[in-house]
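Engineer: One letter stands for each residue in the lines below.
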Amino acid sequence: MERLNAKNLTNNELFYGHKACGGCGEALAVRIAMKILGERTVSVLPAGCMSAVSFNYPHMCFTNNAIITPFAATASVATGVAAGLRALGVENTHTVGFAGDGGTADIGLQALSGAIDRNEQIIYFCNDNEAYMNTGIQKSGLTPYGSKTTTTPAGKNLPGSITMKKNMFEIVAAHGIPYAATASIGYLDDFMMKVQKAMATKGTSYIHVMAPCPTGWGYPSEITVSLAKEAVDSGLWFLAEYEDGEFTLNRNPKEFTPARDYLKKQIRFKHLTEVDINTIEEHRDKTWARMRKNWMR
Amino acid sequence: MVKKFICGDDAVAEGVRLARPHVISAYPITPQTVTVEKLSEFVEDGSLKAEYIHVESEHSALACAIGVSSVGARAFTATSSQGLLYMAENLPYASGARMPIVMMVANRSIALPWSIYGDQMDSMFLLNSGWIQVYVEDAQEALDMTIQAYKIAETREVMLPVMVNLDGFVLTHTYEVVEIPAQEMVDNFLPTIKMPDNSMSMEDPKSLCISAGNTTNLEFRIKQQIDTENSVSVIEKVDKEFGDMFGRYYGGMLEAYQCEDAEAVLVATGSITGTSRIVLDELRKEGKKVGLLKLRYLRPFPTAKLAEILENVKAVGVLDKSISFGYEGSIFTNVNSALLQSGIMPETVNFIGGLGGRDITKQNIREMFESLLASASGEKQQTLQYVNVRCKL
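Line order of the protein sequences matches chains A and B.
Our numbering applies: residue 457 is where the first sequence begins, and numbers increase by one.
Our numbering applies: residue 102 is where the second sequence begins, and numbers increase by one.
Just to be clear, a hint being listed does not mean it is correct.
Unchecked claim - Not everything, but these chain A residues come out facing chain B in the computed CB check (under 7 Å):
hint	residue
1	S532
2	V731
3	I733
Claimed, not checked - The calculated lysine-lysine pairs, modelled on DSS-like cross-linking and capped at a C-alpha distance of 27 Å, are:
hint	chain 1	residue 1	chain 2	residue 2
4	B	K324	B	K307
5	B	K324	B	K295
6	A	K622	A	K612
7	B	K389	B	K415
8	B	K324	A	K658
9	A	K463	A	K612
10	B	K307	A	K475
11	A	K491	B	K324
12	A	K491	A	K658
I should point out that these hints are in silico values taken from the structure, not numbers from a laboratory.
All C-beta atoms in this analysis are idealised placements derived from N, C-alpha and C, irrespective of residue type, glycine included.
Bound conformation, chain A alone (with noise of 0.2 Å):
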């Protein structure tokens, strides 16, 4: 497998000219996810963000066959394309489910279980940016402790939300998926050769891309890549896979930046007190204890 990289990465564009905000750590994922994927593969989006900003007739930004489906049901509409496809002797495609965190760990589960459960052909991107912010920054089973959303307002009672962030990878890697992992666009040639490895995996594969959002978090967008690499550097969202029943920790860093830095920066962050960042890199240290001791080998 060649490694893929800013040179020999292809110009040609499949996703361009939608709707999304400047600085969409979203459309980034499936932009250059697209790039790799290439013509021959069916885009499946559920009702969020990125199909609100790229079907609107009669302006389409998918250059290949792209297809929205109703929230619940990303997984399942792509296993029936992908089961069409087969069943008409169509080869050498790709199915691809682009989810947000809300469509895959909240409305979707059912569907992207039975999916994973019955090893569709299919690869499905979960890309995170922690709410939804399609209908205006509400929490999702995928907000993490402490953020403020429309939902989860911070008050003198409750710092946002106050629950921690579920964890897809583990309730997906339970299923005993052929593939699954964790990314970031703040590393997109780790994101790259994750794509590559789901395009040549024989069964289901998962990959959860942590995608920020300027509009939902509140940051200045030319950030948005520099925030996404703090994320990961800061310990706050972590690169991983499963492979052959397997966990492999991507990046191990010896330290973590502050969280404070990588929290601050941030609207959705900028209540939370001592106490509450306290909670926040507890929480952390215990997910990295747990993932260090279990998954090094």
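Chain B: place on chain A using the hints.
Structural biologist: Just chain B, lined up with the frame of chain A:
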């Protein structure tokens, strides 16, 4: 030609096998289960070359069928009751996308109170979903309509999903002798699916299931309305073609039985029309001028044809196996509107029966006709009447 002694669910499965769908997505719910069980056996024994997908819910069953149809392959699914309501948001999705999916619905009551038995509360709930809805009387019609449904759905000017409705248990689980058409004849009748305009392909990539803003959205829906209305002629044509080939004509949109000189006509759907015929024959022998109008399709609704048949009738009764709480049975509403639009003003009565699987007996049907005859002779009847009630009202 082979004859088999099978139930309604089996008959649908036989029809599906003959129609050769590419993919079946199935989730079990009583009383649809026999159909999806049978289909799994057909796929296992190789007599049906289709992919059988064990989806994890009804929502995914129809979503999967949407995926299958989106690439131009033939899809089948089946459901009932709560399952139909659970997949509800996907129904207007499929019709709006103009996908020729065929779905069998075993008509069953909806909770609460729970009941697994038959009425039409489930499909009537989805009357506005943009699907063509056909109701069958017996197992033979169930098989035949499963095949016809694909032909209608896949006609280029139609391109709409079709729901084939069977009364739960009374039809799904009752055994009858059914003629199984020969595969070669069905292959001639139902050619390979072609969806040149509304499916994705590698040669001609498309974006499907799109958004349309308020400058274009209305026009999409008007086009859908026009095409759904125009599907009436396709339905009639397919019924004739089917009859010419297989020897069974069903009348297209509706069937009028003994309506020519009738003073009182009962309008009904599904399996109850079979029992009604027997009662009607008895009443005719007694010299009563009664008729039966079997409504086969509720969408599109046969407004003009219905009015034409009822033009000289004095009293019209409509048997609804569902109710729109706070109002009346929806078929009654539709029939009244058709009559009014056509300037016909017979007395009309709404019979609400069968809810939660309550039996509708021959005696009940006789009483309905008697009420209608009384109405025809000028005796005012209660507009809304419940059938076979076990309490004092």
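Engineer: Looking at the structure, which of the earlier hints fail to hold?
Structural biologist: Going through the list in order, the structure violates hints 2, 3, 8, 9 and 11 and respects the others.
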